[in-house]
Structures are given as C-alpha cells and as structure tokens.
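Chemist: Each chain is listed here by its residues.
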Amino acid sequence: MAPLRQPGPAQQRRAASLRRDGALNRLSSITGSIAVATIAAVAALGIYVAKALPGHHAGASTGATTSTVPAGNTGQGAGASSSSSSLNPPSNPPTAASSPPPVTSGST
Amino acid sequence: MAEADAPAHSQHVYRTRALGSIAELVTDAGALFAASEMLEEELERIDLVASRFRSDSELSRLNAAAGSEVVVSHDLFEAIDVALAMAEATDGLVDPTVGAAMNLLGYDRDFADVLLGLDGELPPERAVPGWRSVSVDRGRRAVRLPADTSLDLGATAKALAADRAAATIHSRLGCGVLVSLGGDASAAGPAPVGGFDIGIADTCTSPVPAEAIAISSGGLASSGVGVRHWRLGSHEVHHIVDPATGLSAAPCWRTVSAAAATCVQANAASTAAIVLGERAVDWLEDHGLPARLVRLDGTVVYTAGWPIPGPALSAPELSSR
Chain A
797 MAPLRQPGPA QQRRAASLRR DGALNRLSSI TGSIAVATIA AVAALGIYVA KALPGHHAGA
857 STGATTSTVP AGNTGQGAGA SSSSSSLNPP SNPPTAASSP PPVTSGST
Chain B
176 MAEADAPAHS QHVYRTRALG SIAELVTDAG ALFAASEMLE EELERIDLVA SRFRSDSELS
236 RLNAAAGSEV VVSHDLFEAI DVALAMAEAT DGLVDPTVGA AMNLLGYDRD FADVLLGLDG
296 ELPPERAVPG WRSVSVDRGR RAVRLPADTS LDLGATAKAL AADRAAATIH SRLGCGVLVS
356 LGGDASAAGP APVGGFDIGI ADTCTSPVPA EAIAISSGGL ASSGVGVRHW RLGSHEVHHI
416 VDPATGLSAA PCWRTVSAAA ATCVQANAAS TAAIVLGERA VDWLEDHGLP ARLVRLDGTV
476 VYTAGWPIPG PALSAPELSS R
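Residue numbers (the numbering used here), protein chains in the order written: chain A, 797 to 904; chain B, 176 to 496.
Keep in mind that the hints were calculated from the coordinates and are not lab data.
Glycine included, each C-beta is placed from N, C-alpha and C at the ideal position.
Don't take every hint at face value.
Said to hold, decoys possible - Derived Cβ-Cβ restraints for the label pairs, each shown as a range:
hint	chain 1	residue 1	chain 2	residue 2	range
1	A	S895	B	L290	30 to 38 Å
2	A	S895	B	D472	28 to 36 Å
3	B	G314	A	V838	54 to 62 Å
4	B	D323	A	S881	25 to 33 Å
5	A	A831	B	H249	37 to 45 Å
6	B	R454	A	A840	33 to 41 Å
Unchecked claim - Residues of chain B clear of chain A, computed beta-carbon distances all greater than 12 Å:
hint	residue
7	R190
8	A241
9	P299
10	S355
11	G370
12	R406
13	G408
14	R470
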C-alpha cells in the first residue's frame with residue numbers, strides 16, 4: 797500500500813486560493829443583494845412620499861363624494877390658472893340652485 | 176368668532192370674520208376641521224402680505240419704497256403677478272395702480288373709519304399711472320413701482336386667496352370645497368350633486384338673497400357700490416376707481432355678479448363691469464361670461480347663460496341678453 801502523500805506547497809496555495817475566491821464570491825453576491833434591496837426600498841419610499849406631499853395627490857377622492865360628481869366636473873376649467881391674462885367662462889355654467897344657499901355673494 | 180353650520184346634502188359650513196368681511200367654507204363634514212385650519216392659514220398669509228391698511232404688511236413696505244426695486248416674497252409676487260394679469264385681461268379696467276387715487280378719495284384706512292364721512296374736496300380727474308408702469312423681474316421676484324405710485328391689490332388679492340385656499344384644501348384633503356371670502360367664491364374638487372349653492376344679493380351679509388344659483392367649478396364674484404361708499408366733503412364716492420379718471424366709477428350698476436373659470440377672473444369681470452357702466456353688458460357677452468347686473472333702480476340684466484330665476488325668486492323687473 798502506497799503511503800499517503802501530503803499535498804505539496806503549491807497545492808496548498810491553490811486550495812487556499814480557491815477557498816478565498818469562494819468566500820469573495822459569496823460576499824459579492826450578498827453585497828449585490830443588499831444593494832438591489834436598498835434601491836428597491838428607496839424607490840418605494842420615494843413613491844410613497846411623493847403621494848403624501850401637498851400638490852402631489854394622485855388618487856381619486858373617497859367613493860362617497862366621487863360617485864356624486866358628473867364626468868368632467870372635478871376641477872377648474874380651461875384657463876383656470878389664476879395668473880392667466882385672459883377671462884374665461886367656467887367649464888360648467890352656473891345653474892339655478894335647488895336648495896337654500898349656505899353662502900351669499902354680494903357687495904362687501 | 177368662527178362657527179359651523181350643517182346645511183343640506185351633507186355639506187357643512189365653517190364661517191369666520193376675516194379681511195374686513197365674512198369668510199365661509201363649505202365642504203364634507205369629515206374634512207371641515209382640517210379645511211378650516213388651511214383656510215385660516217391662507218387668510219392670515221394674504222392679510223400680512225397684501226393688506227393696504229396694515230403698516231406691517233409687505234405691500235405697505237413695497238408702496239413705501241416706490242421708485243426703488245424691491246425683492247418681494249413669493250406670495251406677494253404672485254398677488255402682484257395676478258393683479259397685472261387681470262389688468263391686461265381687462266385692458267386696464269381693473270388696474271392695481273389705483274392705490275394713490277384711492278388714498279386721495281380718503282380710503283386709506285379701515286372702512287369703519289371712512290364710513291362716517293370725510294372732510295375734503297374731490298381730487299381733480301387724473302389717470303392712474305397704469306399697470307404697464309410696474310416693472311417686474313420674475314427670475315429675482317423683484318418689483319419696481321414708479322415714484323409716487325401705490326398698489327391696491329384689493330380687487331384681486333381676496334379672490335386669489337379664495338382660489339388658493341380652495342385649491343389647497345382640495346389638493347391636500349381630496350374633498351370638494353367652496354371657499355367664499357366676502358362673497359368672492361371659488362370651487363375646487365368634486366362638487367355635490369347640483370353644485371355648491373350660493374345666494375346672490377346686493378350685499379354678502381343680506382339675510383335674504385334675491386336669487387340662488389349653483390356652481391360646480393371655477394369662481395363667482397360680486398362687485399358693487401352699495402356698501403363701500405362714503406361722503407368726501409359734499410361728494411358721494413365709492414371704492415371702485417376708474418383708472419382713466421382716478422375717481423370713483425360713474426354709477427350705473429348697483430351690483431354685478433359674474434362667474435368665470437377662477438374667482439380671480441370672476442372678480443376682475445365684475446369689477447370691470449362696474450367701471451364700464453352701460454357697456455358692460457356687451458363686454459360680458461363678448462367674453463362669454465355669465466353675469467347678473469343690477470341697475471341703481473333695481474332692474475336686473477343677465478348675460479351669457481346666467482340662470483334666470485323662476486317666478487318665485489324673480490326681481491321686480493327682469494331683462495336678459
């Protein structure tokens with residue numbers, strides 16, 4: 797029976813090198829996963845904050861009020877900018893009131 | 176003191192005194208409290224920025240610095256920008272450079288002090304400096320008034336505050352809302368079925384409006400000579416100055432109410448109509464603006480699709496164009 801041969805110095809260096817490469821690959825993979833997860837989390841947080849900021853409301857109103865509104869009646873009409881240098885009629889003309897008005901317009 | 180009422184169809188009203196008049200807010204019950212706080216913030220801001228009667232307002236400091244360039248806040252720049260835009264839109268009928276003319280007529284203090292009557296003589300006719308004489312640098316928010324020129328943003332600043340408050344409340348809370356500042360009303364967001372109901376009267380404090388209409392978007396404003404008028408010596412004057420003469424506009428209409436795409440535009444239209452006198456009817460028709468004009472004798476004229484009331488609400492004499 798042949799005697800068990802001890803690995804030579806070159807083989808030991810190669811084995812150590814393989815172990816080191818393997819560890820580095822695992823570390824690189826973990827770091828990449830963390831980076832992807834971080835980017836995804838920041839993106840999700842950004843979308844959430846954008847929706848929460850004033851002027852960035854993107855969703856519809858609650859169902860109870862939205863259901864009462866005729867189509868095309870959810871905002872100011874064409875030329876609605878306050879600094880527009882023109883005079884435009886309302887997108888929906890005034891109509892006769894159906895109930896006693898809570899507020900009054902007149903000279904002040 | 177503020178109060179809250181609950182009118183028909185689940186819309187609730189918040190009411191308070193502000194800007195020398197009454198501020199009202201109509202919205203869903205659940206949004207009323209938060210909306211009222213936003214309205215109060217806007218009222219405080221516009222008063223501090225654009226009041227002609229507060230010595231500590233930014234407008235007063237700008238007027239005092241006439242002749243020099245002044246860098247102003249975003250809020251004041253917007254108020255001036257809007258006033259100049261409305262001057263352009265009305266061909267100068269509504270001009271913010273009437274401040275000095277208003278002072279010469281005696282309206283340089285709270286109206287309660289003017290109402291009692293003033294000593295003095297009517298100033299001679301003299302056109303106001305004109306809105307084109309105001310220099311603005313948008314990039315630096317810099318404004319330069321000609322020397323001896325004073326801005327009066329009263330015609331548009333209150334309406335701008337109504338537009339801004341309504342837009343802010345709708346944007347932040349998602350609800351439909353009507354904001355009325357001294358009868359200058361702005362609607363934003365989903366309106367209730369049939370729209371927001373508004374009474375139309377000679378004065379916004381009238382307990383019984385002559386008519387009632389509903390708007391579902393844009394703005395509604397009323398201008399008139401029936402409230403802010405006073406005696407200057409032996410002359411009766413009022414607060415709507417004709418920029419061409421520097422004097423109170425010749426009386427023709429007691430009250431004009433107009434609807435437009437925004438409250439600012441509605442206010443400019445109703446004020447311009449007072450200045451235009453008899454020509455206002457054709458002018459409003461040409462612009463397609465629904466309006467109700469009440470002559471000094473009470474006769475009512477309607478333009479451009481303003482809803483003519485039925486017999487129950489009709490005025491003594493009606494005519495429509």
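Chemist: Work down the list of hints and note, for each, if the structure agrees.
Modeler: Do the hints match the structure? See the list:
Separated by about 34 Å at the C-beta atoms, S895 (chain A) and L290 (chain B) satisfy the suggested range of 30 to 38 Å. Take S895 (chain A) and D472 (chain B): their Cβ atoms lie about 30 Å apart, and the range 28 to 36 Å holds. Between G314 (chain B) and V838 (chain A) the C-beta distance comes to about 33 Å, which lies outside the given range of 54 to 62 Å. Between D323 (chain B) and S881 (chain A) the CB atoms are about 26 Å apart, so this pair conforms to the stated range of 25 to 33 Å.
Checked against the hint of 37 to 45 Å, the pair A831 (chain A) and H249 (chain B) passes, with Cβ atoms roughly 40 Å apart. Checked against the given bound of 33 to 41 Å, the beta carbons of R454 (chain B) and A840 (chain A), roughly 60 Å apart, lie outside it. Distance check on R190 (chain B): its Cβ comes as close as 8 Å (rounded) to a Cβ of chain A, failing to clear the 12 Å threshold; non-interface status is violated. Under the 12 Å C-beta cut-off, the non-interface status given to A241 (chain B) relative to chain A holds; the minimum distance is some 23 Å.
No Cβ of chain A approaches the Cβ of P299 (chain B) within 12 Å, the least distance being about 27 Å, so the stated non-interface status holds. For S355 (chain B), the shortest C-beta to C-beta distance to chain A comes to about 5 Å, within the 12 Å cut-off, and the non-interface label is violated. The beta carbon of G370 (chain B) sits about 6 Å from the closest Cβ of chain A, which is not more than 12 Å, so the claim that it is off the interface is violated. Interface exclusion of R406 (chain B) from chain A stands, the closest Cβ pair being 18 Å apart, more than 12 Å.
The claim that G408 (chain B) lies off the interface holds: its Cβ sits roughly 23 Å from the closest Cβ of chain A, which is beyond the 12 Å cut-off. Against chain A, the non-interface label of R470 (chain B) holds: every CB pair exceeds 12 Å, the least being about 14 Å.
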